[in-house]
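Protein chains: 2
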Amino acid sequence: MPKVTFMPDSVTIDVAQNENLLRAAMMADVRVTASCGGDGTCGKCRMVVERGSVKAKPSARLTEAQVAEGYVLGCTAEVTGDVVVRIPPESRPGSAPRARSVRIPNPVISTDEQAERVPDKRAHPPVSKRFVKVSEPDHADNASDLSRVKTALRRAYHLKDVEVTIEAARELPSAIREGGWSVTATIMEINAHKCLITGFQPGDTTGRQFAVAVDIGTTTIEVAIVDLASRETVAQATEYNAQVDRGEDVITRIIASTRPGGLEELQHLVSRTVSHLATSLLEEHRIDIEDVVVYIAAGNTVMTHLLLDITPEAIRTSPYVPAATAFPPIEARSVGLPGTHSTYLITMPCPASWLGGDIVAGVVAAGIPWSDKLTLFVDVGTNGEIVLGGKDFLVACSCSAGPAFEGGGITHGMRAAEGAVELVRIDPDTFEPMIITIGNVKPLGICGSGLIDGVSELFLSGAIDRSGKFTTDTGSARIRRGEHGHEYVLVHAEESGTGGDIVLTETDIENLMRAKAAIFAGINVLVESLDLTLDAIEEIVVAGGFGHYLDLERVMALGMFPELPTEHFAFLGNSSLSGARLAAASRKMLEKTSRVAEAMTYLELSVNAGFMEMYTSSLFLPHTDLSLFPKTEELLASRLAEKVT
Amino acid sequence: MPKVTFMPDSVTIDVAQNENLLRAAMMADVRVTASCGGDGTCGKCRMVVERGSVKAKPSARLTEAQVAEGYVLGCTAEVTGDVVVRIPPESRPGSAPRARSVRIPNPVISTDEQAERVPDKRAHPPVSKRFVKVSEPDHADNASDLSRVKTALRRAYHLKDVEVTIEAARELPSAIREGGWSVTATIMEINAHKCLITGFQPGDTTGRQFAVAVDIGTTTIEVAIVDLASRETVAQATEYNAQVDRGEDVITRIIASTRPGGLEELQHLVSRTVSHLATSLLEEHRIDIEDVVVYIAAGNTVMTHLLLDITPEAIRTSPYVPAATAFPPIEARSVGLPGTHSTYLITMPCPASWLGGDIVAGVVAAGIPWSDKLTLFVDVGTNGEIVLGGKDFLVACSCSAGPAFEGGGITHGMRAAEGAVELVRIDPDTFEPMIITIGNVKPLGICGSGLIDGVSELFLSGAIDRSGKFTTDTGSARIRRGEHGHEYVLVHAEESGTGGDIVLTETDIENLMRAKAAIFAGINVLVESLDLTLDAIEEIVVAGGFGHYLDLERVMALGMFPELPTEHFAFLGNSSLSGARLAAASRKMLEKTSRVAEAMTYLELSVNAGFMEMYTSSLFLPHTDLSLFPKTEELLASRLAEKVT
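Protein chains in written order, with the numbering used here: chain E, 520 to 1164; chain S, 520 to 1164.
So that you can see chain E by itself, here it is in the shape it has in the complex (with noise of 0.2 Å):
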């Protein structure tokens, strides 16, 4: 990881390869004047090159003499090495730099790191080909071409009670001629009672099997290639899942699926996206749709019974019951996705309506099941699921945390799309905002984690108290009377892509506080159930795209999470489709999925007392009782102590 000193502030930070250095700054707390967005229009975040270089696009904004001085714009330049940057003062939004420690990013856990917090990985994978040579029928011995393979896979892999289906064995005849008495079989082998040979090819095609991993997220849909035979990752993709067109989330999706033809139509757009994103990638990498053995998939409760076309109707109403929590393997093209008789589809178990295949799936690449230590799991979105355990046991709830997260119910806010506001630092001597956007573009609104980014900023600065309302005796121009009460102006209209101003309200900022409240009582909910409190807590793995940018410090003072020393956090990214993967390269893991479901203790909040009153008390930043969040208290101290020096 490349590291980047600022100067004057004489911070470090390690950034992943190519990271805009604007955004590395805001990350390392470093102040830059930066309101644009970052697409390089304004030309404010100059920085000077002093050690080392960066990838830098040239700018109507420098002169040549600067280029030539090593003058940068901070957002329009890539960090590719090890480099020492100074802001010069006129990039600076007003006060002096202040001496800060060193720190780092959020611990995103890369693949690797993933794989090592997972035993069995290398076992066999769930389905696969397996080749194998056998003898030619002679007078001596006419067994059945079926019964020559059988004998030959107990021999060469032990493989015991081997079913076939009625394609493979019509498929058999030809190919084992056809390969010589040599044929591929591709076998199911899910369990050790279920071993199922679904399709045969002539000869020894081993060295060409692919597996399709899919994470179907209500509003996003994530697919990876993954190659059997190395067990690597070939390509990945995403795509809005083409249901959104029908709601934004799942309640309305299930309402869409209760009119005539509607679970029909929400089955054919989600598959139509797989198999959009699944096509384009196999055939960018040439890989032929034969050698696809199998398709593994999570998704929540409801996205799965779409996916498989079962009606998802008693979701939606209390008490919440699914029409079921595992399913069969099926033919994947029975469900529209492209395949051939040999291409199965294996769908992860949905413990409960409200915890899907997809927390299953990250919980279980999250290595959680494995460890020695109390660990929490949280997938924030609209339904917040979280999971708290380890190897001996675990518990699990689902709370609506409402749309905020994601940008819903937010004046301005926006899905995290090209032109979200994504990070923001707030001045706290002249509450002037720092941001950044996706795509580094003009802003358009602002996404889940600018919004956190924001109330936690508006917070730290004093902009806002405890209870989410404005200060307003700052006299910053930022801060004023809206039409729905007092807001602060993130974007002005000349500086924005809408040709508004981009705000956030106080509307905004308590429907934040909802979504964050709900989190921290369904935590506490978990942790009481065991009769333990939140410092037994010993990891906490944060799941979903979300996290990414996420300063713990920030969102320890919205009081969203308990606090914990920050290399405790781990941020997993798509748990959801990392577990999926996992499951397509080792049968253990596929296993395991099912037998964390199984075991997996589901607590219907909507019935629990203990979370209202708890949410309650969380209706505050960080909460209602301080004690629960020292290092936060400490924070808002230091932070008063700067503002009076």
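Read the hints as simulated data drawn from the structure, not as lab findings.
One or more of the hints may lead you astray.
Since the list can't tell identical chains apart, any single copy or any two copies may satisfy a pair.
[Stated by the list, open to error] Straight-line distance between alpha carbons at most 25 Å, and here's what the computed DSS-like set of lysine-lysine pairs gives:
| id | residue 1 | residue 2 |
| --- | --- | --- |
| 1 | Lys961 | Lys563 |
| 2 | Lys652 | Lys563 |
| 3 | Lys679 | Lys1107 |
| 4 | Lys961 | Lys574 |
| 5 | Lys1107 | Lys713 |
| 6 | Lys713 | Lys679 |
| 7 | Lys892 | Lys713 |
| 8 | Lys910 | Lys1107 |
| 9 | Lys910 | Lys892 |
Use these hints to put chain S onto chain E, whose structure you have.
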């Protein structure tokens, strides 16, 4: 069983209810003039009812006075109870009656008797409906619909490891709610490891559950509807296999299947026949297709491959390799059979290319796998399938007998259809024949049993010698020189339905001898493979409709079967269908078919030197070694003595 006593012969015979009186006389070896085939036109087979009564049709050939005296035409009268019948002198074909011992007809085993031969017949069916009432979900228990059903199945029926098809999962939510948390599951329990729910119906529908048992013969297909609630067969019907137009035997069918589109066409034809039979019976008995839970089909290996759309190509040529010998259960509708997604097709395993599921089913239906007796099972057809063994072991072979037993390759041969001569008696003094046809109509040709009867009668009357050649000095005009050597006129043109003579030629006799020699040689190979001799055989079971009217002494005289007391013979009728019916009603019976198929040792005769040797020695009547047939030797001696007197 009604008893018929014929006077003045003083012969009593037990016959089936409604047996034809002329047929009863012939089976009792009572001589009556009968040359028209039994259609009532010649009026020669007059008999006088002396005690009891028969159900006789009015005939223009009898005067009112004769009717008043008790005269009936034997061929148009049915036996309804014990009766004493006198054959008047004018109905005698010539010679005087002889005193004979009382005899009984072939011991055809009734369904009830047959059921007694097998244990476990009351075990649970392999596919059946199970009713469960589940608790209504609430907040304290909001387990999924499927989990509730699984819990209830475990509690009520001790069913564990229950899996579900995706189609069943799809229909569960509506079924369980429509039934008010009561639901009926269609469950396939093929073995302890496999318990699969294939469908759901609201409420309790277990009172209506049916299986379709199918015997897929090369020539005819027979279907039985089994009520799984009562375990009774409620309907049964037979039809020609629609594939017959594509070739008479399995070899021509295989050839037809290898033509472009041929396999699909043959599959379509066989499933069309099964569908037609099943649909007609279900409609007639007002059975809803949704209440048909399974098809259980038994057929030879080629027919089984064709039904399942698997190429049988490699079965045709040495070393005769089938694609598979055991087949997965599949959705019946996937091969064109009527049914819902929950109606599965289970196909009996086929141990070898020339030993099919029909034989396995027959062996199980005969109770052989539970028998302490060394039992010989023979299914006589174009392929003579022979099994020898008991509860400890089973050896089997298949010998190509040629089409003679089905009327093929015989000058005036025909299938066992209306108009086929099926019973023949030849007067040893005059060489005049008595015949009766299927359907009691004018004769059109000779079927397999007519051929056996005819050749055996020619032999026992001295019309042909032990090598099957005609004795030309009998003085009978019935024996004449035809176009292709000597022949016997069984029916003169004026009495036939074809307008021409119906004859038996020396070539016909040779063909039959080759067929019976193949069977006998096969039996010998099996016996010798166990280091035993023929007299070790304790019971002989003859399968197929074939044996129904066969006279055992006559068959033994031909040398087809080893000589055994007639009471040690059992005629099983369509044992393939019986086996399928039993398997439909009892899971243990179905499991037994799998174990029998696996345990059976198949001997390939085409490479067996002992077979060829024994076959050659068997091309005599009854055999070159007369000492193997002491009873026939005795019979021949006594017939000779009768002639001399």
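Evaluation of the provided hints:
Taking the shortest Cα distances, Lys961 and Lys563 sit within 25 Å of each other inside one copy (14 Å), while across copies they are farther apart (113 Å). Taking CA atoms no more than 25 Å apart as the test, Lys652 paired with Lys563 passes in neither setting, with 69 Å inside one copy and 72 Å between copies. Proximity of Lys679 and Lys1107 under a CA criterion of 25 Å is satisfied in both settings, with 18 Å inside one chain copy and 22 Å between copies. In this homomeric assembly, Lys961 and Lys574 come within 25 Å of each other (Cα to Cα) only inside a single copy, at 21 Å, whereas the closest approach across copies is 104 Å.
Taking the shortest alpha-carbon separations for Lys1107 and Lys713, both the intra-copy value of 14 Å and the inter-copy value of 22 Å come in at or below 25 Å. Taking CA atoms no more than 25 Å apart as the test, Lys713 paired with Lys679 passes in both settings, with 9 Å inside one copy and 15 Å between copies. With identical chains, the CA atoms of Lys892 and Lys713 are never at most 25 Å apart, being 33 Å at best within one copy and 39 Å at best between copies. In this assembly of identical chains, Lys910 and Lys1107 lie within 25 Å of each other by CA distance solely inside one copy; the values are 15 Å within and 42 Å between copies.
Taking the shortest Cα distances, Lys910 and Lys892 sit within 25 Å of each other inside one copy (8 Å), while across copies they are farther apart (59 Å).
The structure fails to meet hints 2 and 7 from the earlier list, while all remaining hints are met.
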